[in-house]
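J.: In case you want the letters, here they are:
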Amino acid sequence: MRSFYLFIFLIISFQLNGSIITPNNRSLPFVMDGEVKVFHLIAEPITKEFAPGFFVNCWGYNGSTPGPTIEAYEGDRVRILVTNHLNEPTTVHWHGLILPNGMDGVVGLNQRGIQPGETFKYEFTLVQNGTFMYHPHADEMTQIAMGMEGFFIIHPKEDNFPVDRDFAIFLHEWKIPIGQKTPMPFEMFDFNLFTFNSILYPKIEPLVAKKGEKIRIRFANAMMDSHPIHLHGYEFNVTRKGGKRIAEQVQDSQVTVTVSPGETRDIEFIADNPGDWALHCHKSHHTMNQMQHNLPNILGLNKKGLEEKIKKFFPNFTGLMGVNGMGEMFQMFGSHDHLTMPTPENIAPIGSPGPHGVIELNGMFTILKVRENLTSYDDPGWYENPSGTQAEAIPMSIDKKPCSWMQSSP
Amino acid sequence: MRSFYLFIFLIISFQLNGSIITPNNRSLPFVMDGEVKVFHLIAEPITKEFAPGFFVNCWGYNGSTPGPTIEAYEGDRVRILVTNHLNEPTTVHWHGLILPNGMDGVVGLNQRGIQPGETFKYEFTLVQNGTFMYHPHADEMTQIAMGMEGFFIIHPKEDNFPVDRDFAIFLHEWKIPIGQKTPMPFEMFDFNLFTFNSILYPKIEPLVAKKGEKIRIRFANAMMDSHPIHLHGYEFNVTRKGGKRIAEQVQDSQVTVTVSPGETRDIEFIADNPGDWALHCHKSHHTMNQMQHNLPNILGLNKKGLEEKIKKFFPNFTGLMGVNGMGEMFQMFGSHDHLTMPTPENIAPIGSPGPHGVIELNGMFTILKVRENLTSYDDPGWYENPSGTQAEAIPMSIDKKPCSWMQSSP
Amino acid sequence: MRSFYLFIFLIISFQLNGSIITPNNRSLPFVMDGEVKVFHLIAEPITKEFAPGFFVNCWGYNGSTPGPTIEAYEGDRVRILVTNHLNEPTTVHWHGLILPNGMDGVVGLNQRGIQPGETFKYEFTLVQNGTFMYHPHADEMTQIAMGMEGFFIIHPKEDNFPVDRDFAIFLHEWKIPIGQKTPMPFEMFDFNLFTFNSILYPKIEPLVAKKGEKIRIRFANAMMDSHPIHLHGYEFNVTRKGGKRIAEQVQDSQVTVTVSPGETRDIEFIADNPGDWALHCHKSHHTMNQMQHNLPNILGLNKKGLEEKIKKFFPNFTGLMGVNGMGEMFQMFGSHDHLTMPTPENIAPIGSPGPHGVIELNGMFTILKVRENLTSYDDPGWYENPSGTQAEAIPMSIDKKPCSWMQSSP
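Protein chains in written order, with our numbering: chain A, 1046 to 1455; chain B, 1046 to 1455; chain C, 1046 to 1455.
Simulated from the structure, these hints should not be mistaken for laboratory data. Mixed in with the good hints there might be a few duds.
All copies of an identical chain are treated as equivalent in the list; a pair is satisfied when it fits inside any one copy or across any two copies.
As the list claims (entries may be wrong) - In silico DSS-like pairs for lysine-lysine, Cα to Cα no more than 27 Å straight-line:
no., residue 1, residue 2
1, K1259, K1348
2, K1082, K1166
3, K1348, K1093
4, K1259, K1289
5, K1093, K1349
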């Protein structure tokens, strides 16, 4: 038996005919054993670079978090081998799938835990199509929080709603105190890092599309917070909410789709509006990286005199940040060339260079890049606005009314 | 007048012809006064056993939290007497009901408060059907948080969408510090106990159904957090979102339904997939009991040497928990036979025995038990998987790649 | 160029033909420059009176938070001048609008920041209709949290779904420690003030309607928390979720509509049920003002003896609050005539006088006032219940069962 599986995995070449684009990730290859598609997931600890120079200790599958995307077709018979290379038992729950009860993966209820070093075999026939997930159902508070989760996407037998570009983005929030590398799985609500596919902008690959293409973006969430995902420049239709595809005349038309824990959402639209369009969680703290929230509020403080006094005692002091807002922070802590201040080691960037200055969005943020002409789907660089289509300064000045609480001391 | 009501309640036998199953709870009996159905709610402090040996000081109605389910029919004239046995004023708001303004129950706006010892009479005609709620609208921050809430279910005159099993589950979160008995109503977000019908698994009654039956589950939420409720093994339809029933071709097909505060949701499906299916909130901390979150993060710590040093000074020390994950916690703090460690008094169990080892889910968790054959709706015990339908270990071992941050020291 | 704009704004009278009612706020006037509607927004710090005597340091547009409502028609060419009177750069994102990429307002990505003192020109054609928003996309964590946000409502060319009363309510949460005036923009979840249009009840204007009128209420949310808005006495239809209007047979019928960050929701109903109907966020803490949550829990405490001991040392001590619930708090800290206790300076009221005693709702709360006869839409005062339609005390007393944990010592 053992030699049989080894034989399959070592000699027969893996197949992959998926159509899903999971940015910064990949789909899981499989081998055929007769009529059965055989996949192999290995649960294991990994270290992942979330952003240039920022490494995080995670748990994942096959070297990545989220795990590789499983793609198959309605009607397929699938066998999924799960090897546990963690130091504690795990299982896999096939979230949303209609399958025999013994394959459902809840430890204690549907199966015993897969012990460290063991491999379990799950096998069932796919009777649905849609966007589903896989994740542990043993110590899931810890294991999911550490990054164990992935897409399970079942294509319909006959695709009556084909798209040109089919993206998959897994939402995740983390609590990683500044300077540390290991997330805190006990955290319930006070998270400080928010990711698409466990990657932080600017390391995340943009979503690239040709003008006129039909686009689908699939979102999944297995964590604690809900994430209202906002796409700029478009109205889109919500085509699926976890189960069967929604008939066209019933689909919600939205500009922000909220994805709660345990939910998946598919959205679709025609990429008819060229440009570099922000796609991000609309909770404004979720596009920040590793904020500290216990800072004193000095908005509007009159800092004249105060700064001079501080400089007397601390000659290297460069000035109070936050009196006029937090915008200057992006200049000071940014990731790249515009960096003007030393930062602690192993920290996520705050701000990164864009075509018009520093882009202040990180975390749950990426860019949909729609172009008239494309020779490849590689990153086409920044969008150039046609003449007369960009906001611009005009020579107009309005007298500023004095405001008692906000000093005019920039 | 007084003797009239006493007469009714003491001599005429109560009637109850409801069809709703409120697990671990009941529907409220009524008496007929001519054409009027007369119900009687008594607001009062109670002590409730949430789990074996774990008692909580609550406020509720007629001895229970949630209060008993009120069932009636569209077109009914109902009179609801509300007696206040709290020590402060209360009112009842009939959440979602279309009724005369003076019956709406907002203290100060629609009526004066019902003083301790007083009884108020509400009377109105039911012009809708659906899943509604009742709860106080006086000091509601405290009174609802303490458990005062209940279902108000109005059956349609003619039921064009009959179901075989019609369940009602009220969602609630609590903050009860370990070792204490009284919930903290000031809490806004840092809750540590999460319940279906104010009961913790394993004390909650399972949802039992015969294969092929049509099932409805009604959820209600009057608290602060939203709860994405995930059912395993099924796609279901959301048939109602608080108001009128949704036409079939418009119903969302989902596997997780999010119920926000002030909302009710009905879901329906055919129980065609036998087994023991988990039904739970998908926020993973909401299936934990009384977690403490201010613990240090020792995931991946190399404990060799460290444990020996600790044992030198504390000979009874049994080892650090949490280096390899939190799975071992369920073994140590479980509720029953597998208990291996003494726990504080009056604490909710973490983990309970299942057919395949310890079930690690508590809190907002219960089991849908679907069976081919049933002679009664009593708990049928654990599901036995047909041969060949259960995940199982196979003799395969894959070399473990060394991971720098996670020690191999189980 | 400069003189051209000054000319427009100084000499030509502003036009306004909007139909939106933004309680405690207004729509933004415009001037015509040929076929172009020209609006002017000025970003600036302001001080706003949230409630009588309670002043808050905010940032807003044109003297208000939310900024004035922008109203226009599908097909309009609009030019929006944005002057920055903050001390840090800003931009404006036209949330939900389909427009040229260079007009989208994400700093660094779509444009450079508008520097303090500068004015930028945005110009585009409106190709949609619906309920949209505008807000900064530069240091948005700070700028939105401080109050910078507003409605952008595009009326359809031909209105096939006219309403009689069309209200717009912007949801916002704030963290303002007791006694302070400046919100803390670092806060992610522990907010203590919750507002409709940045106003606290009872200062917010009621929604007044004649019986039989068709009502629309538009909600928008650009902050961190979701808000389930509950309307009493009615079932309503959700007619829009951010994009295109929902066809009637597809609209959700609800009694509570949840509005998440980045979302707008339109609801509609016929005002056929007269009365004073509560409209509020159903998270019970969100109708409280400036709660402190770190108080000890003394519910059920036997205070006999204890109070006497305290009085020995503190003769002015008036008694422990919270032993029987928090209802008495509304009597003590209320805003008006019923005030019985001195409160700190610059604090939001807790409780206000209603027709039947103290109304305990503040924060995200207002009243829909529906009347049979109205001569104007001014506040018609309190509703008088027709005879026999109000909950009332009846002479009935039920023996109170002793409860071990809740003392009978009112």
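J.: Return the numbers of the hints above that this structure violates; sort them in rising order.
T.: 1
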